[in-house]
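Enquirer: All residue numbers for the sequence shown refer to numbering that gives the first Met the number 0, where the first residue is 0 and numbers rise by one.
Derived by calculation from the structure, the hints in this document are not laboratory data. This structure is a prediction, so every number in the text was calculated from the model and none was measured. No residue lacks a Cβ here, since even glycine has one placed at the ideal position from N, Cα and C. There may be inaccurate statements among the hints.
Unchecked claim - Computed spacing ranges between beta-carbons, pair by pair:
#: 1; residue 1: 143; residue 2: 211; range: 38 to 44 angstroms
#: 2; residue 1: 266; residue 2: 169; range: 22 to 28 angstroms
#: 3; residue 1: 83; residue 2: 63; range: 16 to 22 angstroms
#: 4; residue 1: 182; residue 2: 277; range: 26 to 32 angstroms
#: 5; residue 1: 83; residue 2: 60; range: 20 to 26 angstroms
#: 6; residue 1: 134; residue 2: 208; range: 44 to 50 angstroms
#: 7; residue 1: 132; residue 2: 223; range: 42 to 48 angstroms
#: 8; residue 1: 44; residue 2: 274; range: 31 to 37 angstroms
#: 9; residue 1: 219; residue 2: 147; range: 35 to 41 angstroms
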Amino acid sequence: MPFASPTSPRLAGLSPNTLGSLYMVIGSLGYVTNDALIREATEEGLDVYQALCLRGIAMSVLFAAATRLSVERFTLDRVTRPLVVRVAAELVGTALFFAAIVRLDFANAQTILLIVPFAVTLAAALVLGESVSVRRYLTVLVGFLGVLLVVQPATDEFSFWSLAVVASAACLTVREFATRRIPSDIPASLVALITAVSITIMTGCLAYFTGWNAVTPKAWMLVLLACLCLTVGYVFAIQTVRVGDLSVSAPFRYTTLIGAVVLGYAFFAEIPDTLTIVGCVVILLAGLSSIHLERRASRRATTAVT
Numbered sequence: 000m001p002f003a004s005p006t007s008p009r010l011a012g013l014s015p016n017t018l019g020s021l022y023m024v025i026g027s028l029g030y031v032t033n034d035a036l037i038r039e040a041t042e043e044g045l046d047v048y049q050a051l052c053l054r055g056i057a058m059s060v061l062f063a064a065a066t067r068l069s070v071e072r073f074t075l076d077r078v079t080r081p082l083v084v085r086v087a088a089e090l091v092g093t094a095l096f097f098a099a100i101v102r103l104d105f106a107n108a109q110t111i112l113l114i115v116p117f118a119v120t121l122a123a124a125l126v127l128g129e130s131v132s133v134r135r136y137l138t139v140l141v142g143f144l145g146v147l148l149v150v151q152p153a154t155d156e157f158s159f160w161s162l163a164v165v166a167s168a169a170c171l172t173v174r175e176f177a178t179r180r181i182p183s184d185i186p187a188s189l190v191a192l193i194t195a196v197s198i199t200i201m202t203g204c205l206a207y208f209t210g211w212n213a214v215t216p217k218a219w220m221l222v223l224l225a226c227l228c229l230t231v232g233y234v235f236a237i238q239t240v241r242v243g244d245l246s247v248s249a250p251f252r253y254t255t256l257i258g259a260v261v262l263g264y265a266f267f268a269e270i271p272d273t274l275t276i277v278g279c280v281v282i283l284l285a286g287l288s289s290i291h292l293e294r295r296a297s298r299r300a301t302t303a304v305t
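Please model the complete structure; the sequences and the hints are all you need to start from.
Expert: Shown next, in the form of structure tokens:
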């Protein structure tokens, strides 16, 4: 695949945490742009699962070609438990999220999904034993409060579809940790290929029941662009969890917030309400605070070594 690996000469001077954070930014923007393009395709008459199935076919072909070029072969011994868990979490998370995204404001759905970095940071401490300070725990709490402001469970703006996004976020958290446990000798392109084929089969079955409509040239263009963006998202998301600490790279997923608001306005003329804007600001501040805490910790570690 045409992306810079952790051992690329151009990136060799970067620390693992910096590299992981860079991958997170690129991957997150790829994901959110893909989501906007898929929803826009539904505006062109496609059922959401039909659009996902068509995108999955294109991605499967792309990743199959990449895997073949890299002389990587799929064998049953590579189907490990973490890989199965990752694919299953991706399938359920995808089905839930896209069922909700066509029924909620685009930026709101994307913002709710930002519960994932907080959940990953918390789970990284509890499951992987990564060092997380009291202040970092406070940023996690503040981040969750920001998500609640966007969900607005106690107002008339609340939609039960918001809970579907929350459930999708839980699945994506499981996906992150399952990806971390996949053996490093299994290349990202092969993991992405297996995931793409699985999603294509699932969404094809769902589209059989939800409907299959005529595909316009514009819809085809949107689906293909979504395929390219998600390819970027897949590959860099997989690389992200393979370098550095998850608790460090996770906050950089907040770049999705800026992309979601911009794309929501540009594609769907959506303007967030006051509580949503406040929630976005709270989430962003929590993320920036987490980054600041990590930098301070890194400086102290460097000083202690020298």
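Enquirer: Taking the numbered hints from earlier one at a time, note which ones the structure violates and give those numbers from smallest to largest.
Expert: 4
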